[in-house]
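Keeping their order, the protein sequence lines are chains A and B. Counting from 1, position 411 in the first sequence corresponds to residue 411 in the working numbering; the numbering is continuous, with no gaps. Count along the second sequence from 1, then add 423; that gives the number in the working numbering.
None of these hints come from the bench; they were simulated from the model. This one's a predicted model, so the numbers in the text were calculated from it and none came from an experiment. Cβ atoms here follow ideal geometry from the backbone N, Cα and C, with glycine treated the same way. Treat the hints with care, since some could be wrong.
[Said to hold, decoys possible] Coverage of chain B stretches by chain A, computed from C-beta distances (three or more under 8 angstroms per stretch; other residues unrestricted):
id : segment
1  : 506-518
2  : 602-608
[Said to hold, decoys possible] Derived lysine-lysine pairs resembling BS3-like cross-links, with alpha carbons at most 30 angstroms apart:
id : chain 1 : residue 1 : chain 2 : residue 2
3  : A       : Lys-360   : B       : Lys-627
4  : B       : Lys-604   : A       : Lys-379
5  : A       : Lys-167   : A       : Lys-128
6  : A       : Lys-287   : B       : Lys-608
7  : A       : Lys-62    : A       : Lys-139
[Unchecked claim] Coverage of chain A stretches by chain B, computed from C-beta distances (three or more under 8 angstroms per stretch; other residues unrestricted):
id : segment
8  : 137-143
9  : 311-320
10 : 332-346
11 : 366-375
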Amino acid sequence: MYASLSAHHASASLLVEVASRFSPEVELSAQTVTFSIAPLRQLIGSPHQIASEICRAGYECKLQASLAIAANPDSAILLARHFRGVTMVTPGEERLKLASLPLAELFAYDAVKLAPNLLDILLRWGIKTCEDLAALPEKGLSERLGAAGLYLRQLACGTVSRPLRLKAEQTSYTIEKELEDSLELLEPLLFLLSRAAGELCHRLRAQSQAARQLELQLLLNEKPLFVRLEFPVPLSDPRTILKLLQLHLERHPPVAPVRGFRLHLEPVEPQRVQGGIFLPPTPAPDKLHVTLARIAGMVGAENVGTPVLLNTHRPDAFALTPLPSARAGNQPVPEMLRLAMRLFRPALQAQVQLVHLAPKNIAASGIRGRVLRHAGPWKTSGDWWTTASWTREEWDVALDDGALYRIYQESATHEWFVHAVYD
Amino acid sequence: MANTARWMKASDLQLAREEAKLPALELHRLKPFFPNGLQRGSLLEVNGGQSSGRTSTSLYILAESISRGETCACIDLNNSFCPASLAQAGVGLEQLCWVRCNGNTEHAMRAADLLLHAGGFGVVLLDLCGARSKTLNRIPLSYWFRFQRAIEHTPTILLICSELPQARSCARYSLAMKKSKFHWKGDAPFAVLTALESTAQNNKLTSIRPEPLLIQTGEA
């Protein structure tokens with residue numbers, strides 16, 4: 001059984017205040033509150049006694065409202081809105097009580113599910129009240145008006161069964177803390193941050209959420225320090241999040257003692273991936289991210305990642321990007337052993353002796369020898385429309401030291417460089 | 424007298440350990456040197472001088488692993504890895520993690536340690552080519568044992584590419600490569616390099632003799 005209070009001239013907070021005296025779970029819609037009275041049967045007694053208690057509570061709060069008690073929330077709301085005073089419906093008699101309700105009331109009640117053009121159709125059919133609608137055959141109505149027509153008929157009959165639509169409390173994923181004494185060392189700060197991260201992750205997991213981004217604001221004596229970490233996969237493990245934060249703070253420590261902090265986790269839907277017995281192994285995303293952060297702390301973030309070849313003919317043009325979390329599918333099996341190059345970064349400046357316009361002797365750092373055989377030159381150029389244009393002549397040269405090199409001459413400066421060795 | 428039936432020979436223990444739990448990585452182009460493929464959880468060394476084909480062979484093994492959808496890693500000691508050379512094999516680079524160590528051997532070893540312990544990789548390539556032998560000789564042997572233990576019973580294969588053998592007894596496979604000759608097509612000034620011919624031998628399988636290995640440039 002559900003009770004519904006409806007008042008046109010009272011504030012929503014007053015309605016909620018009265019309803020909260022009887023139930024902690026209250027559905028609030030336009031000027032109407034609805035709550036379950038089933039648990040009150042043992043405390044107060046019959047529905048009549050419960051209704052009189054609600055009326056007394058309303059009188060104490062100086063609330064002028066209509067009260068309706070019915071077997072389902074929708075019927076209770078419709079009756080409370082339409083009939084003044086107290087309306088009691090015994091289960092199974094909702095259809096009789098709702099019979100006199102005009103159809104427009106139903107459309108005003110649920111404008112989301114019921115399109116206005118449906119009301120026009122029904123009015124053209126001569127259907128004006130709930131009684132008229134309830135008299136129509138269910139199958140025929142469903143065939144002509146679809147699911148919306150069926151739902152409308154159920155509303156008119158008072159047979160819609162649904163739970164209360166309770167408003168979930170907004171969960172905060174932010175923790176702020178001001179410290180009595182400033183912290184100079186990272187270790188005690190991380191101790192406090194671990195507690196905060198643990199609490200926030202607990203809240204995330206309670207809501208079936210995970211964090212994609214972390215924002216930390218450290219209050220220093222002068223300017224606050226902002227830290228923002230984006231995770232490649234949503235995380236909800238506090239140890240992983242804390243380790244990433246620790247690695248970041250070790251690389252970029254605060255320049256002054258910390259007086260307080262504000263930690264915020266941005267919630268997103270967690271990533272759920274179905275593993276497979278026959279799929280190849282891949283590193284666990286959170287573990288891999290911590291590992292790469294450790295390595296980045298050692299060799300520098302610019303030296304770790306996945307190479308992406310750039311869309312240009314410029315030699316050795318690539319960018320390093322974060323390792324994608326998505327699994328790549330099977331790729332074509334290499335058909336043959338391809339000759340690879342080992343690059344010199346930066347290219348080695350070389351002294352080249354030419355005979356008949358072809359390299360004869362080469363000397364560079366760690367490389368010296370006579371050219372036994374050569375191929376080239378191949379002229380390449382590009383990016384001439386930008387300031388970073390390049391033009392070069394490339395040669396493949398086999399030296400008497402047994403190695404095969406790729407050398408080139410810059411056309412602009414006529415300088416020679418050793419670009420790579422074939423290996 | 425104790426019951427000797429309960430005792431096992433050390434060699435029997437070795438045999439029991441060698442029973443493969445995971446399918447080996449088949450290398451079609453290196454079948455003569457690895458007839459049964461590369462066993463998972465093993466350490467492989469590819470050694471040779473400059474232009475011996477050691478890098479091409481290492482990248483081929485990486486490409487074979489990536490082509491099966493596995494995630495691989497390349498620890499590049501001297502920043503000499505050429506991503507375009509790997510892409511030439513026809514595989515995407517999205518599942519490759521590249522760590523550039525700027526010539527710091529300690530960083531390379533620590534990065535390898537971290538990646539191997541993170542687990543889940545198909546092949547981890549530790550490229551030590553170009554490092555001074557004086558520096559490499561300072562690496563304690565315990566490092567290689569640690570790596571071997573880290574990948575044991577895992578699907579990861581550790582591939583070490585260097586001039587001289589480093590892991591020695593820790594390595595299950597050791598492929599020694601030696602440059603034989605270059606193949607050219609045409610005469611100057613229209614000559615084109617077509618292939619590099621090497622001689623390779625799996626030193627851990629003495630029954631296999633050195634065999635020629637042709638590494639092509641892709642030029643017809």
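Evaluation of the provided hints:
1. 506-518: Coverage by chain A holds here, the residue count being 13 at a Cβ distance below 8 angstroms.
2. 602-608: holds (count 3)
3. A/Lys-360 with B/Lys-627: violated, 41 angstroms
4. B/Lys-604 with A/Lys-379: holds, 26 angstroms
5. A/Lys-167 with A/Lys-128: violated, 34 angstroms
6. A/Lys-287 with B/Lys-608: violated, 50 angstroms
7. A/Lys-62 with A/Lys-139: Since the Cα atoms of A/Lys-62 and A/Lys-139 sit roughly 47 angstroms apart, the hinted pair is violated (cutoff 30 angstroms).
8. 137-143: Violated, because only 0 residues of the segment 137-143 of chain A bring their Cβ atoms closer than 8 angstroms to Cβ atoms of chain B.
9. 311-320: holds (count 3)
10. 332-346: holds (count 14)
11. 366-375: Coverage by chain B holds here, the residue count being 3 at a Cβ distance below 8 angstroms.
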